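There are 2 protein chains.
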Amino acid sequence: MFKKQSRFKEDKYKHSYPKRAPCLHLIPLGGLGEVGRNMTLLEYKHQILIIDVGFRMPEENMPGIDYIIPNIEYVKKRKKDILGIVFTHGHYDHIGAVPYLIEHIFRKDLKLFASPLTKGIILKRQEEFSRQPKLNINEVRDGSKIKLGCFNIEFFKQNHNIPDNLGLFIETPVGNILHTSDFKFDKNPINDLPTNFKKLNQLGKRNILLLLSDSTGAEQEGSSLSEKEISENLEKIFKTAPGRVIAATFASLINRIQQMITISEKYKRKVCIEGYSMRTNIDISKILGYVKAKKGTFIKAKEIKNYPDSRVTVLCTGAQGETGAALMRIANRDHRFLKLKKNDTVVFSSSVIPGNERTVQIMKDEILRQGARVYHYKMMDIHAGGHAKKEELKKMLKIMKPKFFLPIHGQHSMLFAHAELAKEIGINEKNIIVAENGQVISLNKKNIFIEKKKVPSSYIMVDGLGVGDVGEIVLRDRQMLAKDGMFVIIAIVDRQTGRVKGSPDIISRGFVYLRESKGLLRDTRKRVIKIVNKATGSGRAVNWSYIKDELRNKIGGFLFSRTQRRPMILPVVIEV
Amino acid sequence: MFKKQSRFKEDKYKHSYPKRAPCLHLIPLGGLGEVGRNMTLLEYKHQILIIDVGFRMPEENMPGIDYIIPNIEYVKKRKKDILGIVFTHGHYDHIGAVPYLIEHIFRKDLKLFASPLTKGIILKRQEEFSRQPKLNINEVRDGSKIKLGCFNIEFFKQNHNIPDNLGLFIETPVGNILHTSDFKFDKNPINDLPTNFKKLNQLGKRNILLLLSDSTGAEQEGSSLSEKEISENLEKIFKTAPGRVIAATFASLINRIQQMITISEKYKRKVCIEGYSMRTNIDISKILGYVKAKKGTFIKAKEIKNYPDSRVTVLCTGAQGETGAALMRIANRDHRFLKLKKNDTVVFSSSVIPGNERTVQIMKDEILRQGARVYHYKMMDIHAGGHAKKEELKKMLKIMKPKFFLPIHGQHSMLFAHAELAKEIGINEKNIIVAENGQVISLNKKNIFIEKKKVPSSYIMVDGLGVGDVGEIVLRDRQMLAKDGMFVIIAIVDRQTGRVKGSPDIISRGFVYLRESKGLLRDTRKRVIKIVNKATGSGRAVNWSYIKDELRNKIGGFLFSRTQRRPMILPVVIEV
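Residue numbers (this note's numbering), protein chains in the order written: chain X, 10 to 585; chain R, 10 to 585.
None of these hints come from the bench; they were simulated from the model.
Heads up, a few of these hints could be off.
One copy or any two copies: either way a pair holds, since identical chains are not told apart in the list.
[What the hints assert, rightly or not] Calculated pairs, DSSO-like style, for lysine-lysine (alpha carbon to alpha carbon, straight line, at most 30 Å):
hint	residue 1	residue 2
1	Lys348	Lys279
2	Lys89	Lys304
3	Lys410	Lys207
4	Lys351	Lys410
5	Lys154	Lys454
6	Lys196	Lys237
7	Lys403	Lys248
8	Lys398	Lys85
9	Lys412	Lys492
It should be emphasised that the depicted structure is a prediction, and the values quoted were computed from it without experimental measurement.
Work the whole structure out from these sequences, hints included.
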């Protein structure tokens, strides 16, 4: 198995520490064992280079949480050592945490590098947040070379499903590192140049010590589809659709959006863009020349009614069933200008992100019930992911021929699958590392190993304006409240008599429907009075926290026996 | 499009109602537009036949809910008209609601029919519930014929992934109805006879007026895999596994479990069964002869350590990542006798039920991190669903050549896909009905149509001991509590002065971590005092509900402005 399993090896290296050659440390703060939240540090003798600052979506058991961002405790303390940040591309899993984290590591002379589109997306997003430092981002392109401290970085174009995506070739004092960024090979992309294998081969000849390669597609057989195939299938749908085409995709899939604009123009359809994030991305892309449309192609939602159905395309967000997104509002008959009709064709040009299956299924059913026809990626190849699959990953490994290999970007099962591929093409098992967030991977010309000491990498949760203030305890309470609700007991104790005054108040939500549970409430009140009176009437000094514990335990037990539910019990005892 | 879209058609039929020939009414109470909760009524002149009484799993936005069961309001009032219940097979989506509903429709002379295994599973489950009526279930088999009022029912064997599954051929006063039950065609099943096409062809010649056919697989291309292929692939894994094989599957997949027992015996592995539901099912199946094992094959978990790893198989529940199920406990290092080791092979011989993807991914990652190898159905054909796919469904339609067709069992998208298949093989579009739960489908020799009036079919939720007591309001509260938690404000008002006494108490859970939010609490308390004092100090009679509304709105607004969260605000104002 791969190196991460071998604790004793770490020990061996630990003992040899004083003698070993100076190491470069690679510290993934996110992106390993998860999809998203990509952020990696390269550190050499007090010089730190940061690659990407992304976020990820929360798990299902994290109600109310908006995003999870990297834990930057380690690098926060080392602010002065940070040379700069390079961004690979403009997807939120690579840039999304910038507005939450940048203030903590910002210095006036902090150097930032991104391609024009990536820069545009980062800066546009900064506008939505208040009190952000003004970011000065240097533009880099395919072929750009920069020097940051001890690191020489060359940027090279990589195909993905957003334009302007850049891989990194980094010369470091211990050797060369190649970071693929997210990528796929595409010989026939739309709105983009095909993969430049000549360039990749040249890089591969430059003695790569360590390869960091995107693992998101490592469990999928074969090669990814070319965008051209997607385009041909989409065209078939647009061509034959009798009425409006309502096509949902990810707001960040700029090239796919361009395809659908071009096809719409070809079949004389006007295009209406619905959804804030899609509109924003198109605005940026139009300015930078990544989206091209004829004059008069775009129309507003309220203008749709002025055109025959067969002359209308709606491009919208909401393919994942996100509450409030355009397609969801249309499906739920909540959209002001758009109601589904019998001849509408709804196209899901997207995959379903794991965790969203049920929501998407319910939305799809709702669309079908309204008489529209539906096309999705399981029926026809109308979506391709942006990530290289097994055969492409092997090809990348063969081109780069690295001495050491560290799979990045993905769930553990993807990292392990990628490690297996590396083994298959002949990389020595000992030179392959499957690592975890927060581990410190030390690298020199001869060795790669994981240090025993980790840096903090726990989840930092964003909820509304709060960053990091929702932790384990708050989340556990939310889960408990969600499951069986809560039950507040308010007992007023007469100071003179030491007995409960009147009938205890009970407030409960999410537990049972109170109006239909009068018997249960009456029995509960009786028990509350008995418990409190017994405890206060003992003659000794009243122990209020004992009374609360008694109420919590005994009333909790009683409610469970009657309902088999465990609401959160919150006792309030007031002495007057 | 299919009939359900055409409101005017319903109207047309409504107007012709008085003249039309006597109709049979088919009323699906569950199973249409959803997977599970199967229950269908056939009614003819005050004679009601019930087919299946199943439950389904809750949606993701129903925290705390255990199951959803059919709404039987309609049939409850017609208790005396019920002729009997026939059960197609022993899966919980066909029998699971029995213990919750049977008491409401039970009569001493109510006739129940099921195959031996189905009967065994129903009765075993009844034992787990208290106060259940004693059920007298008549055994039926392939070829059995019964007469229930105006219905003559013949049972015929259908292959599925549980033994003893029966389709129904029902002679009714208006014509013959064929109900496929859940099914797939299998020429090489394990532990079961192959599909009897001769018999099916005979049935198909008997003038089928209406076909009700399983739609679960209607969106999947091709034909389902034979269990024999699965078995061969499983054998490869068992044969080459260097250590223990830990194989998880559904507890109800009796035939799959039998396969793995047989393979284990072939490779001299002892078998340990982990998981209550699997053990129960195996116990029943052993008694009835559906599971066969050599003497000494089964061992207990604590005995595993007495055998070499390569001589041990563990068959367990938990392939869906269910909390508390065997595999989850093993993965989380919570199992008393089973810890994962490096040479373990973990097999997921199951698909992932939509909605469980993330949980299963996280569990799989955890298993890989502990060094075991993992096989799942996306890597190798080690699972087949129990449902016919497109080609099989078309074949069934062709064999039965029904005049009318009603796709049953499945999400709307599956029903629509199945309706498309029927159209493809030449059934008149007008004779195909895509219906909804609670609709009354009327049928006579010449027509099939949906009545305008519906019967109740809303979700009845089971939560602990409560059946139907958790409704929309309680669920909405749970969702709200989950999202941003709750915030109880307790203000005590002095009757004499009309002013707040002391500092208001605040109890909050799931909102912010209170210990780190002292400033927020201080500011909130100040506002509470101001709001209450203003309202009580007006000189007029105190309007307590106004004060509570003020607190709810103003404190709610204040907390949102500071956190962008909306906890549930619960104000308590006590006058002393």
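How the hints compare with the structure:
{"no.": "1", "hint": "Lys348 / Lys279", "in the structure": "within (17 Å within a copy, 61 Å between copies)"}
{"no.": "2", "hint": "Lys89 / Lys304", "in the structure": "neither (49 Å within a copy, 71 Å between copies)"}
{"no.": "3", "hint": "Lys410 / Lys207", "in the structure": "within (15 Å within a copy, 60 Å between copies)"}
{"no.": "4", "hint": "Lys351 / Lys410", "in the structure": "between (55 Å within a copy, 29 Å between copies)"}
{"no.": "5", "hint": "Lys154 / Lys454", "in the structure": "within (23 Å within a copy, 80 Å between copies)"}
{"no.": "6", "hint": "Lys196 / Lys237", "in the structure": "within (9 Å within a copy, 41 Å between copies)"}
{"no.": "7", "hint": "Lys403 / Lys248", "in the structure": "between (38 Å within a copy, 29 Å between copies)"}
{"no.": "8", "hint": "Lys398 / Lys85", "in the structure": "neither (36 Å within a copy, 56 Å between copies)"}
{"no.": "9", "hint": "Lys412 / Lys492", "in the structure": "neither (51 Å within a copy, 48 Å between copies)"}
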